[in-house]
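Novice: Residue numbers (this note's numbering), protein chains in the order written: chain P, 1 to 410; chain R, 1 to 410.
Derived from the structure by calculation, the hints contain no laboratory data. Since this is a predicted model, take the numbers as computed values, not measurements. Where is the CB? At the ideal position from N, CA and C, for every residue including glycine. Hints are not guaranteed to be accurate.
What the hints assert, rightly or not - Short derived list, chain P residues pointing at chain R, Cβ under 7 angstroms:
| id | residue |
| --- | --- |
| 1 | LEU238 |
| 2 | VAL239 |
| 3 | VAL245 |
| 4 | THR253 |
| 5 | VAL264 |
| 6 | SER272 |
| 7 | VAL276 |
| 8 | ALA356 |
| 9 | SER381 |
There are 2 protein chains.
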Amino acid sequence: MQAINKERVAGLLQGLAQFGKTEHGITRLAYTAEDKAAQEWLLKQIQDLQLKLSVDAVGNVFLRREGKNTDLAPVAMGSHIDTVVQGGAYDGTVGVVGALEVLYMLQDEELERPIKVIIFRAEESSRFGFATIGSKLMAGVGDPDKFSGAAKEGSVTFKEALTEWGCDPAAYKQARKAAGCFKSFWEIHIEQGKVLEETGERIGIVHNIAAPTRFKIIVEGIADHSGATPMGFRKDALVSAARLVIAIEEAATNEAESGTVATVGVLDVEPSSINVVPGKATLWVDLRGVDEESINCALSDIRDAVSEIAKNDSITITMDMLTADNPVALSEELAAKLDVICAAKGIAYRHMNSGAGHDAMHMAKLAPASMLFVPCKGGISHNPAEYADNEDICLAIEILAEAVKEEASA
Amino acid sequence: MQAINKERVAGLLQGLAQFGKTEHGITRLAYTAEDKAAQEWLLKQIQDLQLKLSVDAVGNVFLRREGKNTDLAPVAMGSHIDTVVQGGAYDGTVGVVGALEVLYMLQDEELERPIKVIIFRAEESSRFGFATIGSKLMAGVGDPDKFSGAAKEGSVTFKEALTEWGCDPAAYKQARKAAGCFKSFWEIHIEQGKVLEETGERIGIVHNIAAPTRFKIIVEGIADHSGATPMGFRKDALVSAARLVIAIEEAATNEAESGTVATVGVLDVEPSSINVVPGKATLWVDLRGVDEESINCALSDIRDAVSEIAKNDSITITMDMLTADNPVALSEELAAKLDVICAAKGIAYRHMNSGAGHDAMHMAKLAPASMLFVPCKGGISHNPAEYADNEDICLAIEILAEAVKEEASA
Numbered sequence: 001m002q003a004i005n006k007e008r009v010a011g012l013l014q015g016l017a018q019f020g021k022t023e024h025g026i027t028r029l030a031y032t033a034e035d036k037a038a039q040e041w042l043l044k045q046i047q048d049l050q051l052k053l054s055v056d057a058v059g060n061v062f063l064r065r066e067g068k069n070t071d072l073a074p075v076a077m078g079s080h081i082d083t084v085v086q087g088g089a090y091d092g093t094v095g096v097v098g099a100l101e102v103l104y105m106l107q108d109e110e111l112e113r114p115i116k117v118i119i120f121r122a123e124e125s126s127r128f129g130f131a132t133i134g135s136k137l138m139a140g141v142g143d144p145d146k147f148s149g150a151a152k153e154g155s156v157t158f159k160e161a162l163t164e165w166g167c168d169p170a171a172y173k174q175a176r177k178a179a180g181c182f183k184s185f186w187e188i189h190i191e192q193g194k195v196l197e198e199t200g201e202r203i204g205i206v207h208n209i210a211a212p213t214r215f216k217i218i219v220e221g222i223a224d225h226s227g228a229t230p231m232g233f234r235k236d237a238l239v240s241a242a243r244l245v246i247a248i249e250e251a252a253t254n255e256a257e258s259g260t261v262a263t264v265g266v267l268d269v270e271p272s273s274i275n276v277v278p279g280k281a282t283l284w285v286d287l288r289g290v291d292e293e294s295i296n297c298a299l300s301d302i303r304d305a306v307s308e309i310a311k312n313d314s315i316t317i318t319m320d321m322l323t324a325d326n327p328v329a330l331s332e333e334l335a336a337k338l339d340v341i342c343a344a345k346g347i348a349y350r351h352m353n354s355g356a357g358h359d360a361m362h363m364a365k366l367a368p369a370s371m372l373f374v375p376c377k378g379g380i381s382h383n384p385a386e387y388a389d390n391e392d393i394c395l396a397i398e399i400l401a402e403a404v405k406e407e408a409s410a
Numbered sequence: 001m002q003a004i005n006k007e008r009v010a011g012l013l014q015g016l017a018q019f020g021k022t023e024h025g026i027t028r029l030a031y032t033a034e035d036k037a038a039q040e041w042l043l044k045q046i047q048d049l050q051l052k053l054s055v056d057a058v059g060n061v062f063l064r065r066e067g068k069n070t071d072l073a074p075v076a077m078g079s080h081i082d083t084v085v086q087g088g089a090y091d092g093t094v095g096v097v098g099a100l101e102v103l104y105m106l107q108d109e110e111l112e113r114p115i116k117v118i119i120f121r122a123e124e125s126s127r128f129g130f131a132t133i134g135s136k137l138m139a140g141v142g143d144p145d146k147f148s149g150a151a152k153e154g155s156v157t158f159k160e161a162l163t164e165w166g167c168d169p170a171a172y173k174q175a176r177k178a179a180g181c182f183k184s185f186w187e188i189h190i191e192q193g194k195v196l197e198e199t200g201e202r203i204g205i206v207h208n209i210a211a212p213t214r215f216k217i218i219v220e221g222i223a224d225h226s227g228a229t230p231m232g233f234r235k236d237a238l239v240s241a242a243r244l245v246i247a248i249e250e251a252a253t254n255e256a257e258s259g260t261v262a263t264v265g266v267l268d269v270e271p272s273s274i275n276v277v278p279g280k281a282t283l284w285v286d287l288r289g290v291d292e293e294s295i296n297c298a299l300s301d302i303r304d305a306v307s308e309i310a311k312n313d314s315i316t317i318t319m320d321m322l323t324a325d326n327p328v329a330l331s332e333e334l335a336a337k338l339d340v341i342c343a344a345k346g347i348a349y350r351h352m353n354s355g356a357g358h359d360a361m362h363m364a365k366l367a368p369a370s371m372l373f374v375p376c377k378g379g380i381s382h383n384p385a386e387y388a389d390n391e392d393i394c395l396a397i398e399i400l401a402e403a404v405k406e407e408a409s410a
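Could you build all of it, start to finish, from the sequences and the hints given here?
Specialist: Written out as structure tokens, the structure is:
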């Protein structure tokens, strides 16, 4: 096996970080011109790998290195290159660049099986309100109509974006893959939490992935003049929305021991004028964990809070469920292989769960799947300050190269 | 005096309502193309009055009817034609159309003094975060730099809008008027509250105007991944902002007996993604009343809440004062004249205060000023459902015509 080229890894990550760069971090939303430009640049950089390119019906990209036996199910690796609004340079890109570096390291190896690197489209939910759209469609979960349903008024829907990208939304089923199409699937990702940093361990082997339950809560009050409407005569949608934000925070805090979390990431107020009592407020909520019972408990508390606040404030509040995914168990067999490699190398590592969702959770429907976590500074991600040390990234790539070499050998 | 033409009044109000009309009410923000088109249309309709038009250095419009003695200080009337976002068809326009109808009614009268109708620019704070900009600049309050300071990132500042309107921001002092420039100032306005509707009275004679104290509160947390950041590790700016919204509502409710009110009309969250813990939240607060002590008491409670929430949540919260106007007393002498006219006509009327700010409060610095309130349905204003009965509007115009005739006679 060739030695890892750490400069190439750092160079590709820095190069991708130029696409969508703004004053406040990187905004490279899925299916935008920035997403396309980043992908085209990356494919140009790795032309020397001479991989066979194919694109599925929803824009997921496959880069195939041939095996001695072309009929065997390939070993697959991959992640995504889209970001949130004002995101960082490592979430997703580490998994794509890492997978490509594995192919560089294995360039001189004659391996039995083909290997595929996948660039999944639209892992982040920032643009359409749904996460991991590319891998979902590959695994037969959801459809373009559903993914178009959460679009804010006036914004581009998933179907419109897909069409603009050159895909026919009606042909989305062609992107579906059958179980067994890959021998296994592997993904490197930054942790997006503080556990590894705090314990000083350099690698996380992931066993379960928390999946988000997402919903909108709509509060309908009455817009009134801010000066001439006495306090007792108001139906202020923002005041009720504020009570909901606090109730949601409390519901998750009560379940914190089970690792359950809840976030109101978006709160839209209408008409949003300093001299008008808010007539409407919409909250977008993300609830998740690895323990279904705990998630359901928090959701039940939130539903109770909605009823209680609606009653006490005499205001109309409705809930609109968007997604309710279940936590996913990754392959214990593949995790054991990573365990052996890490132990043999004398690396400080840890078995852990993922609070964030990943494409691997849908790939787990198609093949045994496994993930490697890399520490990230302060646990910060989805933020311009997101940072992972290149040494840590390269260590994960070296471990993955050994695992994939073994996987592709038989 | 000619009889009022109720159809003309209704027709001009309905005509103005076409400019800025949207699916959800009227959005005719100050200094926009809609504002200009509405004004041009109105001036065209009243050409038969043969008024002398002049425009000051910040775009306020004056329409002069000559008196026998051209050297005497004119009697002035007026209001505004800009609206809030998703506003209604009566706020402001009733005062402008009403003043013009008074001139129609007095067309055959030979009066000693000139009469002026003023269309004030930018009475609503919806575009620049400051209210009554046109009348403020006329009274020598504030300057274009100050009024440009509250603009949201990326939006047009007051100075830019002024330039686009054809005015030179540097020449704003030319718009200032000296005390005594008018004999008196009169404004008809919808009540924007429910008092007249509930008491069944048809006219309000206004004695004091509440003035808004406005400020921004900025909460700075840390943007983090919504799934991978445990509840106890968060600095969620929106959770602290929600506590502030509730504290502000409580502070005003405690002062409700004195008529003090407080509103968070705008709450901006950043980065505003469903899968990111909010890193920043900005609240725009409007606090007002007619009792300075009560206003200060509420403001003090809000300051205490800011300190307490910042401490308890270990988060950075800063307050940025925008305006702190004092309540304004209108002319008791002019109110007494209206009282006599109403009593003589046998009309059910009431002496009252205004919770909303008006151009009249700045005109009160230049001349004795008075206001007439017209009931509005449900007390609703700044809303597409805003409605005032044409009979009520016309009654106020008839009263004003008598008062102005008397004022202009000597």
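Novice: Any CB of chain R closer than 7 angstroms to the CB of VAL276 of chain P?
Specialist: With Cβ-Cβ at 4 angstroms, under 7 angstroms, it holds.
Novice: Hey, does the SER381 of chain P contact hint survive, CB to chain R under 7 angstroms?
Specialist: At about 4 angstroms, which falls below the 7 angstroms cut-off, the nearest Cβ of chain R leaves the hint on SER381 of chain P intact, so it holds.
Novice: Using 7 angstroms as the Cβ threshold, decide whether VAL245 of chain P counts as touching chain R.
Specialist: holds (4 angstroms)
Novice: Under the criterion of a CB-CB separation shorter than 7 angstroms, is VAL239 of chain P in contact with chain R as hinted?
Specialist: With a minimum Cβ separation of about 5 angstroms from chain R (threshold 7 angstroms), the hint on VAL239 of chain P holds.
Novice: Return the status of the interface hint for ALA356 of chain P: holds when the least beta-carbon distance to chain R is below 7 angstroms, violated otherwise.
Specialist: Constraint on ALA356 of chain P satisfied, holds at 4 angstroms.
Novice: Under 7 angstroms, Cβ to Cβ, is where THR253 of chain P needs to be relative to chain R, so tell me if that hint holds or is violated.
Specialist: holds (5 angstroms)
Novice: Hey, does the SER272 of chain P contact hint survive, CB to chain R under 7 angstroms?
Specialist: OK, holds: SER272 of chain P within 7 angstroms of chain R, min 5 angstroms.
Novice: Taking 7 angstroms as the limit, does the beta-carbon of VAL264 of chain P come near enough to a beta-carbon in chain R?
Specialist: holds (6 angstroms)
Novice: Holds or violated: is the Cβ of LEU238 of chain P closer than 7 angstroms to a Cβ in chain R?
Specialist: OK, holds: LEU238 of chain P within 7 angstroms of chain R, min 6 angstroms.
Against the hints set out earlier in the document, no violation occurs for any number.
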